[in-house]
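Enquirer: Residues per chain, in single letters:
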Amino acid sequence: GQQLNQSPQSMFIQEGEDVSMNCTSSSIFNTWLWYKQDPGEGPVLLIALYKAGELTSNGRLTAQFGITRKDSFLNISASIPSDVGIYFCAGQLNFGNEKLTFGTGTRLTIIP
Amino acid sequence: DAGVIQSPRHEVTEMGQEVTLRCKPISGHDYLFWYRQTMMRGLELLIYFNNNVPIDDSGMPEDRFSAKMPNASFSTLKIQPSEPRDSAVYFCASSHQLAGDRRGYNEQFFGPGTRLTVL
Chain A
1 GQQLNQSPQS MFIQEGEDVS MNCTSSSIFN TWLWYKQDPG EGPVLLIALY KAGELTSNGR
61 LTAQFGITRK DSFLNISASI PSDVGIYFCA GQLNFGNEKL TFGTGTRLTI IP
Chain B
113 DAGVIQSPRH EVTEMGQEVT LRCKPISGHD YLFWYRQTMM RGLELLIYFN NNVPIDDSGM
173 PEDRFSAKMP NASFSTLKIQ PSEPRDSAVY FCASSHQLAG DRRGYNEQFF GPGTRLTVL
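Chains as they are written, first to last, in our numbering: chain A, 1 to 112; chain B, 113 to 231.
Be aware that a few hints might be false.
As the list claims (entries may be wrong) - Below 35 Å or equal to it, Euclidean Cα-Cα: the simulated DSBU-like pairs (lysine-lysine) are:
{"no.": "1", "chain 1": "B", "residue 1": "Lys136", "chain 2": "A", "residue 2": "Lys51"}
{"no.": "2", "chain 1": "B", "residue 1": "Lys190", "chain 2": "A", "residue 2": "Lys99"}
{"no.": "3", "chain 1": "A", "residue 1": "Lys70", "chain 2": "A", "residue 2": "Lys51"}
{"no.": "4", "chain 1": "B", "residue 1": "Lys136", "chain 2": "A", "residue 2": "Lys99"}
{"no.": "5", "chain 1": "A", "residue 1": "Lys51", "chain 2": "A", "residue 2": "Lys99"}
{"no.": "6", "chain 1": "A", "residue 1": "Lys70", "chain 2": "A", "residue 2": "Lys99"}
{"no.": "7", "chain 1": "B", "residue 1": "Lys180", "chain 2": "B", "residue 2": "Lys190"}
{"no.": "8", "chain 1": "B", "residue 1": "Lys136", "chain 2": "B", "residue 2": "Lys180"}
{"no.": "9", "chain 1": "B", "residue 1": "Lys180", "chain 2": "A", "residue 2": "Lys99"}
{"no.": "10", "chain 1": "B", "residue 1": "Lys190", "chain 2": "B", "residue 2": "Lys136"}
Claimed, not checked - One side of the interface only, derived from the structure: several residues of chain A facing chain B at Cβ under 8 Å:
{"no.": "11", "residue": "Ser27"}
{"no.": "12", "residue": "Pro39"}
{"no.": "13", "residue": "Glu41"}
{"no.": "14", "residue": "Gly42"}
{"no.": "15", "residue": "Pro43"}
{"no.": "16", "residue": "Leu45"}
{"no.": "17", "residue": "Ala48"}
{"no.": "18", "residue": "Phe88"}
{"no.": "19", "residue": "Leu100"}
{"no.": "20", "residue": "Thr109"}
Because the hints were derived from the structure by calculation, they are not lab data. Just so it is clear, CB atoms sit at the ideal spot from N, CA and C, and this is done for glycine as well.
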């Protein structure tokens, strides 16, 4: 089956630093998504990407849909304490197929 | 809106017992998903429904797992008999097919999850 590999697995940064994480796949996806999971909660959608090469921002978050449609990255600028959590990429193979494949996750910790 | 509601939030049971997890999707949503999250395997889709009909159950681990959606506002995931390797957090999510939405992705809204421990 499809696999989405995320890197890094974990990050320890100081407040105010920028963060970058990425996701690669062996398959082509039509849609790339980035979710965030807070402790004890379910994942929440941050950004959705629909076109190869697309660059989308949501506040301090910026994500790009790779030109090959097999990768995506997420950047967080000027990190704040509430950015702590696990970030997941997810891919949707085809429009009309609601099934998502999730990445392995990147755990972000902010050092005081 | 109350969001997706799952119950119980925590379940501890002994091996061999039957476990039933419950989910109430967001009102008006026509898709419902069951996921399992573990450290080893991450977040995996088990099954999803559209208008109460199972569409893809290829992620259901084995015959011990079954899911039903008797109506638009309720779904269950049952494990019988349960085993220690079933210990995980189980999430329910729902989404709505947006008419005329050419993007093709309908945002899935996740519930808070049920943490299952099988001893």
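Enquirer: Run every hint past the structure and note whether it holds.
Expert: Now for the hints, and whether the structure bears them out:
1. Lys136/B to Lys51/A: 33 Å, holds
2. Lys190/B to Lys99/A: OK: Lys190/B and Lys99/A at ~21 Å, within 35 Å.
3. Lys70/A to Lys51/A: At roughly 12 Å apart (the allowed maximum being 35 Å), Lys51/A and Lys70/A satisfy the hint.
4. Lys136/B to Lys99/A: 20 Å, holds
5. Lys51/A to Lys99/A: 18 Å, holds
6. Lys70/A to Lys99/A: The hint holds at about 17 Å.
7. Lys180/B to Lys190/B: 8 Å, holds
8. Lys136/B to Lys180/B: 12 Å, holds
9. Lys180/B to Lys99/A: Between Lys180/B and Lys99/A the Cα gap is close to 18 Å, so the pair holds against 35 Å.
10. Lys190/B to Lys136/B: Holds, at about 15 Å.
11. Ser27: 15 Å, violated
12. Pro39: 11 Å, violated
13. Glu41: 6 Å, holds
14. Gly42: Constraint on Gly42/A satisfied, holds at 3 Å.
15. Pro43: Status holds, d = 5 Å.
16. Leu45: 5 Å, holds
17. Ala48: 6 Å, holds
18. Phe88: Holds - the Cβ of Phe88/A comes within 8 Å of chain B, reaching about 7 Å at its closest.
19. Leu100: Given a least distance of 7 Å, the restraint on Leu100/A holds.
20. Thr109: Where the cut-off is 8 Å and the nearest Cβ of chain B is about 16 Å from Thr109/A, the hint is violated.
Of the numbered hints stated above, those contradicted by the structure are hints 11, 12 and 20, listed in ascending order.
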